[in-house]
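Asker: Protein chains in written order, with the numbering used here: chain A, 1 to 644; chain B, 1 to 158.
Among these hints, one or two may not hold up.
Said to hold, decoys possible - Derived SDA-like pairs: lysine to any residue, alpha-carbon spacing no greater than 20 Å straight-line:
hint : chain 1 : residue 1 : chain 2 : residue 2
1    : A       : K384      : B       : G128
2    : A       : K440      : B       : F144
3    : A       : K440      : B       : K157
4    : B       : K43       : A       : L95
5    : A       : K85       : A       : L95
6    : B       : K43       : A       : S56
7    : B       : K43       : A       : G115
To be clear, the hints were calculated from the coordinates, so they are not data collected in a lab.
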Amino acid sequence: MSIAKMQKVMLIGMNRQKRLVIDLLQEMGVMQIEEAESLQTTAGAPYDAVISEYESAITFLMQTFPKVEKGPVFGDCISYVEMKKCVKDVFKKKLARRVIVLERELANAREAENGLTSEMEKLLPWQELPLPLEYISSEHSVIYITGVIPKEKLHLLEGISSLQAAYELVHERGEDAYLIVAVSRKELEQVKEVLTNASFVPISLPVSPRTVKEELAEIRKALFEVRRRREEAMRELASISERVFELMLVHDYFMQRRSASAVASIPGATLYTFALSGWVKKKDIDRLKRRLSSQFPSSLLIELEPAEGEVAPVALENHPLVQPFESVTRIYGLPLYSEVDPTPLLSVFFIVFFGICIGDAGYGLALAIAAAILGWKIRDAGAKRLLRLLFYGGIATFAAGSILGGWFGFEPSSLPPFLGGVRDFFIRLRFIDPMRDTLKILVIALSMGFLQVIFGLSVSLYIKLRDGDYVSAIFDKLLWIIYLISLALFGVSKALFHGGEVRRISMYVFIASAALLVLTQGRGRKNLLLKFGSGVLSLYNTVGYLSDVLSYSRLLALGLTTSIIAMVVNLIAQMTKEGIPILGYIFMFLILVVGHIFNIAVNVLGSFIHSSRLQFVEFFSKFMEGGGEEFRPFKRDSKYLLIE
Amino acid sequence: MTTGLALSILGAALAVALAGIGSAVGVSIAGEACAGVTTEDPKKFGRLILLQVLPGTQGVYGLLAAIMIMLNVGILGGGGIKEIQLSTGFELLLSSLPVAIVGLISGIYQGKVAAAGAAIVAKRPEEGGKAIIYAAMVETYAVFGLLISLLLIQGVKI
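Using the sequences plus the hints, can you model the full thing?
Answerer: Structure representation (structure tokens):
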């Protein structure tokens, strides 16, 4: 229905114009070129180095300066002409290389700083040592040992004064005492033993002609220098990050050049001409032909019949109002080219189910307003589409909620009285109370399910008729539709029409269609017994359809979930208001805001998922298989910027 | 307190506890997988958290059933606690079982599916929606359990 018609084409042109023709194709962005994707990797190689350089520079800036991050979503637009004009100047500045150099410098500085700081930590306790460090480490007849010992064990060292040794306390910190011990070389071993017994831990100090104090001064100076360097690098990076836009521009430009060169590297046909084959939407063919013939009169666009087994790529085309629903279809995957686009078919069902699943008029309003505001601010196309869908969802929720739900968990009668007539209108509109008439909503949910299942079968019937498969259309689809409707009518006739004519007629139709199904469903079999057997067995499918319909009971369950949670939030809020004096109002307000926002978030997610699932499992299975390849025209792609 | 009331409270407690355990285990299984992916690519946090909370709904469903029981017997909502017959208490206790049992088991299994889905988000983030749908398939049965529990609780006349 709204899958774009595709035409296989071959474009033939002169080799000397190849570059220009490819530029035109990229500008128009209407043709998907075969093999282009697979050649991307090899032919793009010369550009890869530049692209990855800019990419890593941009990523680094994004991580270092959080405000850069927002770039692409709220980003600026730029026209292609402008882009091309700027790119040369910007590229000359080699900003990306500079960023990478600075990044390395920053890392070096950080490493140096860490080294110096730990060195300083180590030396700090030894400040009082008056000797140059060299002197301590050198070996004379007296050997110096430096180290640390727990204070309470100091008394164990008394013993060494009887040996040829002495120690001096240099520094105390917490439980630790820093000592320098002087030992005669002869008695080194004995002294060491005493020291070890006293839990002495030796610390070796660096070798240097300076004293510890002088050494520390040196380190401080170096540290200052390193920090200055780091700050300088940081400042320069910050100033570049203000112009991250320029980096993105170069990145995106080269990305486009890369894909163009990939297309250019597709093997040419002859010495003087090149050929590109691919797919174009039928409606774009004329436009493409006109542009080609006016700019490159020697080029030729030939329309081809697709080869056996060749499948056209799929592009969905929908009315702007329906487009947001493509997000739902895409989660499942695209339909095959030969199938129909389920997007417009599912749209009404999806949004109604979504509304019933949330089912609170107040939440609906809140959701619609939030989605509208965000959608107005964000420029990213995918996010915008999703927000539009949520906006519809909000409106549907408002409608469903005012008929069979509450207002932020309250009855409509508790709407503020100044609304007057509007309030009365909503009170009258809400003719089902979900908490009391639960069964009514269950019946509504199941009938909607039945409706969608029958609708799905009808779509399948349409496809069979369109493809000229009349036998299957009548015996597999139409017969089943009649069978299911008569079965349902028979089932509800007692409750709705008090039996009578409807019951009698539907019973006859049901029996007749069941008999026909038994006779025809086995028509593929050769053996007469098997024919009949699989005919009877096919009636078992009824159970499948029944479980499909029952699956829609989730609409009721999810709707109840929302209203009960909303009710609980209000209940807790009221309890805090009454329980806590004065401050109670503040807590009540907080509980109401946080609670309802939580409830909306959880239920929007749940409703979206479950409403989608009903489309995928219960609806799509009736008429489509899916698995179409998406139409990816060769165009000016961009990663960071929006290019007009 | 009558034995009937005690049984109703047991029902509410089972609904919250069992379904809550199911969700807690499920969310933790999913969370472990998601954390693994986040170490590789912290930007995927937003998509992953969506996947992680999916098995958390069972706990909410248990909570709902418990609150409905509490409203029914008058523990919540003013009006005072009602006189609960022994048989009524049993009825409420039994009504809580669908959501309690299915919540416990489906929560754990949904967690496993969500954890597997984390791999989809890791390797093909653009297909993350499919991971969510897979996990939601398991949840269907918890929804049905809740539905029946709620209908049963409403049906018990006091």
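Asker: Return the numbers of the hints above that this structure violates; sort them in rising order.
Answerer: Numbers 4 and 7, in rising order.
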